[in-house]
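Novice: Letter by letter, the chains look like this.
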Amino acid sequence: MPGGKERELKRRISSVQSTKKITRAMELIAATRVVKAMQRADAARPYARQITSVIENLAAGGAQVDHPLLREVESVKKVGFIVMAGDRGLAGAYNSNPIRAAEREVMAHQAEGRDYSLFCVGKKATGYFRFRHYRIDHSYVGFTDNPSYDDARQIADDVAGAFMSGEIDEVELIYTEFVSMGTQNVSIRRFLPLEDTATMAEVGGGSAEAVAAFEFEPSPEAVLEALLPRYVEARLFGALLECAASEHANRQRAMKSATDNADDLITSLSREMNAARQASITTEIMEIVSGAEALGSGDHTEDLAALIAEFDRAATATAPTPPAAATAVLEPGPYGEGSHAPLPDDAAPAGFPIKGNADSMLYHRPDSRSYSVTRAEVWFDTPERAEAAGFRLANTHPNSDS
Amino acid sequence: MFTVEVVSPEAVSYTGTAEMVIARTVDDGDIAFQTGHVPFIGTLAVWSVDVVKEGGERDVFAVHRGFVQVSGDQVTILSDVSEAVDEIDVPRARAAREAALAALTADSDDADAAAALQRAELRLRVAGAE
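Residue numbers (the numbering used here), protein chains in the order written: chain A, 469 to 870; chain B, 387 to 516.
Isolated chain B (complex conformation) (with noise of 0.2 Å):
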């Protein structure tokens, strides 16, 4: 067991205890943190982090661009923008996917239209609502 904290820049915006956290960081691919895990930084890719608590429950958060940091008992994630499920706007985001993926299509190189159709597709799956 570890506490995992999830701190923004405005407050800190989750505490809790975790058995486990799953998060993906950039070009590594996925990474789980259990009790006794080495000290630990890295940088977050655009992708979800899940803290499984005792009994299999999970409590999942969309993390656009961060840093997690393991060290002892304690799990912080660091980032500018991440949303917890509830907090994610369904409608929205399937409207920035549209808008991306038609930006896409007429430009492929067009790098901003890529990293909008990546975080609403996080959004969207994280939402649980692809």
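Looking at chain A on its own, in the form it has when it is part of the complex (with noise of 0.2 Å):
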């Protein structure tokens, strides 16, 4: 009788797919997530491009401040790494590309004899290097997916006040950059100490020209002075928004492959398991003949027609099938268009999610409690076409009225 390999590819297939479920409904939610973060970081786009223009015109105005932020240190004794990650996997590389970069970046500098200091953002970030017993100064988890500007102010307070105390000489921000759905880099930036305000204003995509002649009050000194920070909280923000769409992008990517992957797998294995089924039945022919032989008697004839027409069955359901939506549209089911005969595994054939009970005429919508229970003679992929084909609604439904 069907042995026990048949068995365990059954049980491999069924568990394939229910990470298939999970990998579908991950990608599906990292789809819409990731046109969220766009638009956020959109929306933020016009404060910092305020921000820079506002530095702009003081760069004109040729407002210079011994600020703390601009503190460039001749010997460098220790530096400052912001490093950008995700709280949760699943999301390809996303994580470990920028966690490795910062890695890399520490011992670079370790190797010149400078100390580190790290500002671990995620909780992919903290735990990698927290692994590896770095010092690890601040941690910050909890809301990368979706990031708040206190988020990025509080991290500010803490980099800027480090650097501003002398406590670190330079920070660098090491985050992943979105630059289109399809395209994330990771970036490794000096951050502090910040450059001179003519470079801040080029770098923000303005034009060095001199506009008209503003006046600043109290005094270009100290509008740049209060300004700075927010430069700073600014900056970080935009930086913490495009790693959240980064890492919706790159999930949504790594869920599809998931999805796909387990697609094929499933298609492998249904196949290795009717190979075993045929197997099976081959050696029961070959039992029940060399039986009939060795006793020279009796009449088999019955129960080798029976298993022969198994065995074509069998046969017929290890070719390739091709692909359900293709044959759902060549030639209509049992019961018309709309319908679709029962396929071998007993799988939904794609698009046709209502079962049809051929005894009973009676038919179950996916929310029916007996669903899983009933086996369908005939899929119909709506309620109507069910109905149009002479099938009742089962009244194991939760809102039907019957």
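Hints listed in this document are in silico derivations from the structure and should not be mistaken for laboratory results.
Honestly, I wouldn't trust all of these hints.
What the hints assert, rightly or not - Partial chain B-side listing against chain A, Cβ under 8 Å, derived:
#1 S394
#2 P395
#3 A397
#4 T411
#5 D413
#6 V424
#7 P425
#8 F426
#9 I427
#10 F453
#11 T462
What the hints assert, rightly or not - Looking from chain A toward chain B, a few residues come up when the C-beta cut is under 10 Å (computed):
#12 G472
#13 E476
#14 R480
#15 S482
#16 Y515
#17 Q518
#18 L526
#19 S616
#20 Y617
#21 A620
#22 A681
#23 V691
#24 A694
#25 A702
#26 M754
As the list claims (entries may be wrong) - A few chain A positions that, by computed beta-carbon distances, are all more than 10 Å from chain B:
#27 S486
#28 I490
#29 A499
#30 A516
#31 S521
#32 V544
#33 K546
#34 Y596
#35 D626
#36 E755
#37 S758
#38 D835
#39 R860
Ideal Cβ placement from N, Cα and C applies to all residues, glycine included.
Build the complex from these two chains, which are given one at a time in their own frames, with help from the hints.
Specialist: What follows is the structure, given as structure tokens:
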């Protein structure tokens, strides 16, 4: 009788199927989140642009201050690293890329005799460095997929505080830049000290041409001094938003390929299972034939005929089946257009979720209590089609009136 | 007439046209902008910004820190903490004021409490709940 191998394969198929459901759901969720994250990044742009524009005008007005955030140190002794990764995994290489890049940077600076200070954003970055016994000075978790400005402000306060107190002499920012849905790059930038105001204006995409002469209150220097901390926050916030969009885009891609792989796996496992079924039937035929010959008597034609019929069925099932959707279009099922004959593995044909029971002439929607135990003799794409074919709604539905 | 924008880090929170914008900069007191004002950049005090529309109607914002940039026919208020009248939580502001006053009676040099008091009073004033 059906051997252990067949049962084992069946179990694996159903396990792959449930994994596929999860990855598929995650893919869809990530797809909607990435759109939202992109919108937030777009909405945040005017503020950053305006801040840069003010700096631009200040630069044109000739404001130069000796602000601690602009302090360049000749011999750098300690470098701060802001490493932005995610809180959750299952996002392809999204977490490991910036983390690896950061670790390389830390090592490069250590090789030159500089100490490091880590500001880890996201559980994954924190976990990675903690596991490797790095010293983590600050860790920020719980917001990477939807950062708020307050999160950026908190990081900016810590980083700017450490920098201005002279504890660290330089800060590098390692994050994932969101270029487009298909492209996200790890970016390593010097974050502090800030460039001088003229460079900032240029980096911000501004023209350094002198606009009309501005009046400043209280004074260009005082405005710049109040503005620089806001500029640091806005830049960090922009980076956090890009990271969030990158995280969702990466997760969507990773989950899409996981779903595709699950499909391939299910196909190849089903073929293997059908081949196993065929093999076991062959063995049985051999046993009956040789048994009959050994006895030299008795009539086994009926047993044989039944087995051969089953063998044929298994053989047809082993052949690669064309995609279900194509079948549905080419040849309508037993109940005309919108119906579909059952597949060899009893799985729902794509686009035909309604189960029809030809004995009782009842049909079951997926929300029916007895849906999972009903064996479909025919599948329909919509309840209307089932009704058109003479089926009635089974009364095991949560909302049915009958 | 010129366009007024209140820009917060998360989004452009207000856009409108106005005849006059009244704000208060640190140190120098109130300043009003009308069409044709010279280009201006200022640091705002913890105070309200009044956008006076055609016909005298006003949109008032509580701006806790920020900058104003006037250039041509465009006034931009940049602020990471600004609230329109209908966004102000009056009971919360009242509670904050009580807490700040209590902290100040205990320690009259408490700078955080003084700032909190200033913010709470501004909120209440803008919301007209004084």
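Novice: Each hint needs a verdict: does it hold in this structure or not?
Specialist: Evaluated hints:
1. Hint status for S394 of chain B: holds, given a least beta-carbon distance of 6 Å to chain A, under 8 Å.
2. Because the smallest distance between the Cβ of P395 of chain B and any Cβ of chain A comes to about 4 Å, under 8 Å, the interface hint for this residue holds.
3. For A397 of chain B, the interface hint holds, since its Cβ comes within 8 Å of a Cβ in chain A; the closest pair sits about 4 Å apart.
4. Interface restraint check: T411 of chain B against chain A, minimum CB-CB distance 5 Å, threshold 8 Å, status holds.
5. For D413 of chain B, the interface hint holds, since its Cβ comes within 8 Å of a Cβ in chain A; the closest pair sits about 5 Å apart.
6. Given the 8 Å rule on beta carbons, the hint for V424 of chain B holds: about 6 Å separates it from the nearest Cβ of chain A.
7. Of the supplied interface hints, the one on P425 of chain B holds, with its beta-carbon coming within about 4 Å of a beta-carbon of chain A, less than 8 Å.
8. Below 8 Å, beta-carbon pairs count as interface contacts, and F426 of chain B has one with chain A at about 5 Å; its hint therefore holds.
9. With its C-beta approaching chain A no nearer than about 5 Å, I427 of chain B sits inside the 8 Å limit, and its interface hint holds.
10. The restraint placing F453 of chain B at the interface with chain A holds, with a minimum CB-CB distance near 6 Å, inside the 8 Å limit.
11. Given hint, T462 of chain B at the interface with chain A, holds; its Cβ is 6 Å from that chain's nearest Cβ, closer than 8 Å.
12. For G472 of chain A, the interface hint is violated, since its Cβ never comes within 10 Å of a Cβ in chain B; the closest pair sits about 59 Å apart.
13. A hinted interface residue such as E476 of chain A counts as satisfied when its beta carbon comes closer than 10 Å to some beta carbon of chain B; here the least separation is about 54 Å, so the hint is violated.
14. Given the 10 Å rule on beta carbons, the hint for R480 of chain A is violated: about 48 Å separates it from the nearest Cβ of chain B.
15. Annotation: interface hint on S482 of chain A violated; nearest CB of chain B at approximately 46 Å, more than 10 Å.
16. With its C-beta approaching chain B no nearer than about 5 Å, Y515 of chain A sits inside the 10 Å limit, and its interface hint holds.
17. Taking 10 Å as the C-beta contact cut-off toward chain B, the hint placing Q518 of chain A at the interface holds, the least distance being around 5 Å.
18. At about 7 Å, the closest approach between the beta carbon of L526 of chain A and any beta carbon in chain B falls short of 10 Å, and the interface hint on this residue holds.
19. For the restraint placing S616 of chain A at the interface with chain B, the shortest Cβ-Cβ distance is roughly 8 Å, inside the 10 Å limit, so the hint holds.
20. Restraint check, Y617 of chain A versus chain B: the minimum CB separation of about 4 Å is within 10 Å; hint holds.
21. For the restraint placing A620 of chain A at the interface with chain B, the shortest Cβ-Cβ distance is roughly 8 Å, inside the 10 Å limit, so the hint holds.
22. Because the closest C-beta pair between A681 of chain A and chain B is about 7 Å apart, less than 10 Å, the hint holds.
23. A distance limit of 10 Å between C-beta atoms decides the matter here; for V691 of chain A the minimum to chain B is near 5 Å, and the interface restraint holds.
24. Of the supplied interface hints, the one on A694 of chain A holds, with its beta-carbon coming within about 5 Å of a beta-carbon of chain B, less than 10 Å.
25. Interface hint status for A702 of chain A: upheld, as the beta-carbon distance to the closest one in chain B is roughly 6 Å, under 10 Å.
26. At its closest, the beta carbon of M754 of chain A sits 74 Å from a beta carbon of chain B; the interface hint therefore is violated under the 10 Å criterion.
27. Its beta-carbon lying about 39 Å from the closest one in chain B, S486 of chain A satisfies the requirement of being farther than 10 Å from that chain.
28. Distance to chain B confirms I490 of chain A as a non-interface residue, since its nearest Cβ pair spans about 32 Å, more than 10 Å.
29. For A499 of chain A, the shortest C-beta to C-beta distance to chain B comes to about 23 Å, beyond the 10 Å cut-off, and the non-interface label holds.
30. The non-interface label for A516 of chain A is inconsistent with chain B: the shortest C-beta to C-beta separation is roughly 8 Å, within 10 Å.
31. At roughly 7 Å from the closest C-beta of chain B, the C-beta of S521 of chain A falls inside 10 Å, breaking its exclusion from the interface.
32. Distance to chain B confirms V544 of chain A as a non-interface residue, since its nearest Cβ pair spans about 30 Å, more than 10 Å.
33. Residue placement check: K546 of chain A keeps its beta carbon more than 10 Å from all beta carbons of chain B (closest about 29 Å).
34. Distance to chain B confirms Y596 of chain A as a non-interface residue, since its nearest Cβ pair spans about 29 Å, more than 10 Å.
35. With a minimum CB-CB distance of about 17 Å to chain B, D626 of chain A clears the 10 Å threshold, and the non-interface call stands.
36. Taking the minimum C-beta to C-beta distance to chain B, about 75 Å, the non-interface status of E755 of chain A holds against the 10 Å cut.
37. Every beta carbon of chain B lies more than 10 Å from that of S758 of chain A, the smallest distance being close to 80 Å; the non-interface claim holds.
38. Listed as outside the interface, D835 of chain A is consistent with that label: its C-beta sits roughly 40 Å from the nearest C-beta of chain B, beyond the 10 Å cut-off.
39. At roughly 53 Å, the least C-beta separation between R860 of chain A and chain B is larger than 10 Å, which holds for a residue marked as non-interface.
Hints 12, 13, 14, 15, 26, 30 and 31 from the list above are not met by this structure, while the remaining hints are.
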